[in-house]
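> Sequence:
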Amino acid sequence: QHIEEAGVHSGDSACVIPPHSLPPAVVERIKEQTRALALKLEVKGLMNAQFAIKDAEPGGEPVVYVLEANPRASRTVPFVSKAIGVPLAKKAALIMVGRTLNDLGLFDEITPKHFSVKESVFPFNKFAGVDIILGPEMKSTGEVMGMDADLGLAYAKSQMAAGGALPTQGNLFISVHDAHKTNVVQIAQEFARLGFALFATEGTAMTLKAAGVGVTALFKLSEGRPNVLDMIKNGEIALIINTPSGKTPRADEVRIRTTALQHRVPIMTTLSGAAAAVQGIAALKKHGLSVRSLQEYHGKL
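Residue numbers are given in this note's numbering: position 86 of the sequence shown equals residue 86, and the series is strictly consecutive.
A couple of the hints might just be wrong.
In silico DSS-like pairs for lysine-lysine, Cα to Cα no more than 25 Å straight-line [claimed, not checked]: (1) K40 <-> K91; (2) K220 <-> K233; (3) K139 <-> K126.
Note that these hints are calculated values from the structure, not bench results.
Sequences and hints are given; from them, build the entire structure.
Set out below in structure tokens:
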């Protein structure tokens, strides 16, 4: 299950195995549709299928849409193989030359008891001034993964591996699109409970204050100082949540995001990513970090 919502290229989105928030009935429907597609297409080997879930109308059920189904491997296969402990590419190659699932001992679907999170790695630090906003055009050049019995820790490990370790304290800057202001309130409350001091642009700050969240309003870049660029350059910002204002982002937003990148300040550009960051930071503060090998996760040690 992708963490970022539809609209971000699947190769650029963080993703989780097993699904972390989908209702069991929706997961079962996806499985049924995947089986039906594979049988109808008579696939022998690997098939890459992608689905989108639309929230249900009041009183209804979520709608499952098939986006694509391709009789081929995808770049997710190595990640899935490590997550479940089965060399899928090897097994698929053997099936393509005549072996059967029974021959290979593949009788049941494997649902791991731990969480695995894939995070994409981007080359933005090599291209000064390039905006880091993600969209349908794939921009990542690699990927890493984190594993843990706790979803939050698995996500935190993935961020650490991707070079953007999550902070456990400090100042948080928030500036989001008007359409996201209502939904960012709960995320801001969680960060406040974790001990972060909140700073925001005027519009976002007004929404947070109206909801009873303590926050300090900062000037927009064009209004004067102190503003968030000063704080980033002075090492006073630990984390940023900044969602784009539209298809054509304002110049101030781009400057904030590129300055954060230059100073290695972690930045979340989607609310779903920000929510995952909250969960990861809470898990780090509660449990700390531990490491196990792939063999230990799969009971082979």
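> Would you mind marking each hint as holding or not holding in the structure?
Checked hints:
Using a Cα cut-off of 25 Å, the hinted pair K40 and K91 holds, with the two alpha carbons roughly 21 Å apart. Between K220 and K233 the CA atoms are separated by roughly 16 Å; this keeps the pair inside 25 Å, and the hint holds. Restraint check for K139 and K126: satisfied, since their Cα atoms lie roughly 13 Å apart, inside the 25 Å limit.
Going down the numbered hints, you'll see the structure goes against none, and every one checks out.
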